Amino acid sequence: MSTETLIPKPSRPWLATPKERFVTLQNFLLSVVSSYLIVLVTPMKGKLPLFFMFFFSLIILSFITQYRAKGKAAAQDSILTVVSVLAMSIAVVPIISIVGTIIARGYQGLHWSMFTQDMSQATVNDPIGTGGILHAILGTTIMVSIALIISLPIALLTALYLTEIKGRLSAPIRFLVQAMSGVPSIVAGLFILSSIVYPITQSYSGLMGSLALAILMIPTVARTAEEVLLLIPNDLREAGLALGATQWRTVAMVVVPAVKSGLITAVILGVARIIGETAPVLLVSGGGDATNLNPLEGPMGSIPYYVWKSFLLGGTEESSHRTWAGLLILLIWVLLLFGVARLISARAGKR
Amino acid sequence: MSTIQKPPTELPARREITTKPRFSDRVFRVVVTTGGLSSLIILGLILAFLTYRGFGVVRTEGFGLITSSKWDVVEDEFGNVVSQDYGLAAMLVGTILCAIIAVLVGVPISILSALYLEFYATSKIRTFLISLIDLMAAFPSILFGLWGFAILMPSAEYWAKLLNKYFDWIPVFEVPAPVFTRSPFIAGLVLAIMIIPICTSVSREVFSQTPLDRIQAAYALGASRLAMIRAVVIPFGRGGVVGGAMLGLGRAMGDTVLNIVYQVNWQVLFGVGGNVASLILLKIGEADMEETKALMAAGLVLFLLTLLVNGIANLLVNKLGKSGR
Numbered sequence: 000m001s002t003e004t005l006i007p008k009p010s011r012p013w014l015a016t017p018k019e020r021f022v023t024l025q026n027f028l029l030s031v032v033s034s035y036l037i038v039l040v041t042p043m044k045g046k047l048p049l050f051f052m053f054f055f056s057l058i059i060l061s062f063i064t065q066y067r068a069k070g071k072a073a074a075q076d077s078i079l080t081v082v083s084v085l086a087m088s089i090a091v092v093p094i095i096s097i098v099g100t101i102i103a104r105g106y107q108g109l110h111w112s113m114f115t116q117d118m119s120q121a122t123v124n125d126p127i128g129t130g131g132i133l134h135a136i137l138g139t140t141i142m143v144s145i146a147l148i149i150s151l152p153i154a155l156l157t158a159l160y161l162t163e164i165k166g167r168l169s170a171p172i173r174f175l176v177q178a179m180s181g182v183p184s185i186v187a188g189l190f191i192l193s194s195i196v197y198p199i200t201q202s203y204s205g206l207m208g209s210l211a212l213a214i215l216m217i218p219t220v221a222r223t224a225e226e227v228l229l230l231i232p233n234d235l236r237e238a239g240l241a242l243g244a245t246q247w248r249t250v251a252m253v254v255v256p257a258v259k260s261g262l263i264t265a266v267i268l269g270v271a272r273i274i275g276e277t278a279p280v281l282l283v284s285g286g287g288d289a290t291n292l293n294p295l296e297g298p299m300g301s302i303p304y305y306v307w308k309s310f311l312l313g314g315t316e317e318s319s320h321r322t323w324a325g326l327l328i329l330l331i332w333v334l335l336l337f338g339v340a341r342l343i344s345a346r347a348g349k350r
Numbered sequence: 000m001s002t003i004q005k006p007p008t009e010l011p012a013r014r015e016i017t018t019k020p021r022f023s024d025r026v027f028r029v030v031v032t033t034g035g036l037s038s039l040i041i042l043g044l045i046l047a048f049l050t051y052r053g054f055g056v057v058r059t060e061g062f063g064l065i066t067s068s069k070w071d072v073v074e075d076e077f078g079n080v081v082s083q084d085y086g087l088a089a090m091l092v093g094t095i096l097c098a099i100i101a102v103l104v105g106v107p108i109s110i111l112s113a114l115y116l117e118f119y120a121t122s123k124i125r126t127f128l129i130s131l132i133d134l135m136a137a138f139p140s141i142l143f144g145l146w147g148f149a150i151l152m153p154s155a156e157y158w159a160k161l162l163n164k165y166f167d168w169i170p171v172f173e174v175p176a177p178v179f180t181r182s183p184f185i186a187g188l189v190l191a192i193m194i195i196p197i198c199t200s201v202s203r204e205v206f207s208q209t210p211l212d213r214i215q216a217a218y219a220l221g222a223s224r225l226a227m228i229r230a231v232v233i234p235f236g237r238g239g240v241v242g243g244a245m246l247g248l249g250r251a252m253g254d255t256v257l258n259i260v261y262q263v264n265w266q267v268l269f270g271v272g273g274n275v276a277s278l279i280l281l282k283i284g285e286a287d288m289e290e291t292k293a294l295m296a297a298g299l300v301l302f303l304l305t306l307l308v309n310g311i312a313n314l315l316v317n318k319l320g321k322s323g324r
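Just so you know, the sequences run in chain order D and F.
Take the first sequence: its position 254, counted from the start at 1, is 253 in numbering that gives the first Met the number 0, and no numbers get skipped.
Take the second sequence: its position 19, counted from the start at 1, is 18 in numbering that gives the first Met the number 0, and no numbers get skipped.
Okay, chain D solo, but in the shape it has when bound (with noise of 0.2 Å):
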């Protein structure tokens, strides 16, 4: 006699039937279809009222559908899902626009010879060949590197007292540092003008922008290295204290090196920080459109400030060109920033 043996269909319940599927896309192109005709019959026009229209009759049309399907409570969670898949549509658009608008107009004024030239004998509206952002890059590439330079001891020993030494004063000290990443970066600038520059400086210079800017680097470095510090299991402390090292040679040896990768992270996303920052440059860095590589004297330029003087004193379709270049190298930059950092960290999570 044979036992039948019955091997039970592996089945997701969970999932949307075919049937519920084909309500979904039904709801969606019936509300295409609808807000084109609300468009078209109603005065109001252009592509906001089609995308608001088309969430209105979503909402109405999910509600009606669900409603019928399974009742009132599931009806009022179909608004909500519409409703939080609008938001998120709401959030993201603007960031493909502005995208979208700086690559379309930057690369206009994009041009081979604007990296190897600077502003020093071109005006704004000189057409797009002649002068270039070479100093911007320069400017902004030494100042952002000095203000690394200052901030990143003082950050990653502010992370280390709140993990490693976890002292009375670690509470003040977190929500200080929170305190501190809210400074508007006006008030950066006000503070290095008011304090180097007026009494003892008497003079704009690259050093006095790349302090204002460290300022603001500060708390964005120190609380992404406490997060990867907070990470880093506590066996890994105690192993090295157990060998008989001290809690120096431990973090020296063991816990920063594990942190590496997440060190490097939070340095990359303090530089993108920054590196856009207008107001502390145009107050002490002064602004200038010739290229200067000591930072120490004269007024030293970059790209915010390159992008703020074409766009204020400008007004022809040069200007406007140069300005938005000027953006475009700017975002190519946080992007790149950005994917390297991204790239680090997922490698780090792999391991």
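Since the hints were made in silico from the structure, they are not lab data.
Just so we're clear, the structure is a prediction, and the values are computed from it rather than from any experiment.
Heads up, the beta-carbon is just placed ideally off N, CA and C, and yes, glycines get one too.
Worth double-checking, as some hints may not be accurate.
[Said to hold, decoys possible] Chain F stretches covered by chain D per the calculated footprint, using a threshold of three residues with CB under 8 Å from any CB of chain D: (1) 23–32; (2) 48–58; (3) 135–149; (4) 221–234; (5) 238–244; (6) 292–302.
[As the list claims (entries may be wrong)] The list that follows gives simulated cross-link-like pairs (lysine to any residue, SDA-like), each with its CA atoms no further than 20 Å apart: (7) D:Lys165 to F:Asp24; (8) D:Lys165 to F:Arg28; (9) D:Lys69 to F:Leu220; (10) D:Lys165 to D:Val255; (11) D:Lys259 to D:Phe114; (12) F:Lys160 to D:Lys165.
[As the list claims (entries may be wrong)] Partial selection, computed: residues in chain F whose CB lies under 10 Å from chain D: (13) Ile16; (14) Leu103; (15) Pro107; (16) Ser154; (17) Tyr165; (18) Pro196; (19) Ala216; (20) Ala217; (21) Thr305.
Use these hints to put chain F onto chain D, whose structure you have.
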């Protein structure tokens, strides 16, 4: 026969077991603590220097600095200053108005997006959208500012006119003259777009800390997603979400670039006026010594305002974020 060796009579010197840190550790602790205190020192220095520079103006103007709206320096023909008035009221109203509009528009969108990311999106879409939102948070504000000026302003102007047409009986929407560009309404919209990433990621983090057992309990009792969110997630995350909104408010108030492009006035749709952060940037180039001090005082007011908002926000995130039903 085996001989038993005599144990050594001399005992090795007693080792001292101590919890006292080594010298190197003490140095390490001092260095790290000093580094940790740096944020305190920097914030203290900012406060001290701005107060020191701006104190004279605060003393002569008194409360007029906050309540009067006149910012005026009168010079005679020789360039000597005859009279000077520094009042921030118009600017303060502008700053706060913009920030409030930004929060009113941005925060609901952020909370709903956070709910979508946490409870509706499939994991692939979620990972993608989260990195997109993070990327947006890393965008410099100048990108938002100029994008808003070039792209958003024309279409937002249309919406402002529509609001004015149908709601002008509400005093806030009144417009004394048909000027709709550069209004606080538009500035508030751009700021709203700017704070959405921050608010979304804070709210999402708070929501993701909701205990899984409570969520599953709600589902097991037959709750729909809406009912689950209302009964479990919202009570749990309320404080954190309010804190996230306040963080957004703090960022919105401090942002300069936007406010120099858009001008501010209390009738939200009408486009004339000023704002603290942009005032500082506009004036600093041409300011003489006395006016610079007044600008420092303005910076001090802005600093204290954002510090206050951020302080409350952090308290709410930390204290209330962990409570729940």
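Here is what the structure says about each hint:
Given as covered by chain D, the region 23–32 of chain F passes the check, having 8 residues with a CB less than 8 Å from a CB of that chain where 3 are the minimum. Given as covered by chain D, the region 48–58 of chain F passes the check, having 4 residues with a CB less than 8 Å from a CB of that chain where 3 are the minimum. Check result for the region 135–149 of chain F against chain D: holds, 11 residues qualifying (beta carbon to beta carbon below 8 Å, three or more required). With 5 residues bearing a CB less than 8 Å from a CB of chain D, the region 221–234 of chain F meets the requirement of three and the coverage assertion stands.
For the region 238–244 of chain F, the stated coverage by chain D is violated: 0 residues have a C-beta nearer than 8 Å to a C-beta of that chain, whereas at least 3 were required. With a cut-off of 8 Å between beta carbons, the region 292–302 of chain F has 5 residues touching chain D; three or more are needed, and the interface restraint holds. Restraint check for Lys165 (chain D) and Asp24 (chain F): satisfied, since their Cα atoms lie roughly 14 Å apart, inside the 20 Å limit. With a CA separation close to 11 Å, the supplied pair Lys165 (chain D) and Arg28 (chain F) stays within the 20 Å bound.
A distance of roughly 17 Å separates the Cα atoms of Lys69 (chain D) and Leu220 (chain F); the hinted pair therefore holds under the 20 Å criterion. About 16 Å separates the Cα atoms of Lys165 (chain D) and Val255 (chain D), which keeps this hinted pair within 20 Å; it holds. Distance hint between Lys259 (chain D) and Phe114 (chain D) is unfulfilled; the C-alpha atoms sit about 33 Å from each other, more than 20 Å. For the suggested pair Lys160 (chain F) and Lys165 (chain D), the alpha carbons sit about 56 Å apart, so the restraint of at most 20 Å is broken.
Checking Ile16 (chain F) against chain D: minimum C-beta separation of about 13 Å lies over 10 Å; hint violated. For the restraint placing Leu103 (chain F) at the interface with chain D, the shortest Cβ-Cβ distance is roughly 14 Å, beyond the 10 Å limit, so the hint is violated. Here the hint on Pro107 (chain F) is kept, as its CB sits about 7 Å from the closest CB of chain D, short of 10 Å. The restraint placing Ser154 (chain F) at the interface with chain D holds, with a minimum CB-CB distance near 6 Å, inside the 10 Å limit.
Hint status for Tyr165 (chain F): violated, given a least beta-carbon distance of 13 Å to chain D, over 10 Å. The restraint placing Pro196 (chain F) at the interface with chain D holds, with a minimum CB-CB distance near 8 Å, inside the 10 Å limit. For Ala216 (chain F), the shortest C-beta to C-beta distance to chain D is roughly 17 Å, which exceeds 10 Å, and the interface hint is violated. Interface restraint check for Ala217 (chain F): the shortest CB-CB distance to chain D comes to about 13 Å, outside 10 Å, so the restraint is violated.
Because the closest C-beta pair between Thr305 (chain F) and chain D is about 5 Å apart, less than 10 Å, the hint holds.
In the structure shown, a violation is registered for the earlier hints numbered 5, 11, 12, 13, 14, 17, 19 and 20, in ascending order.
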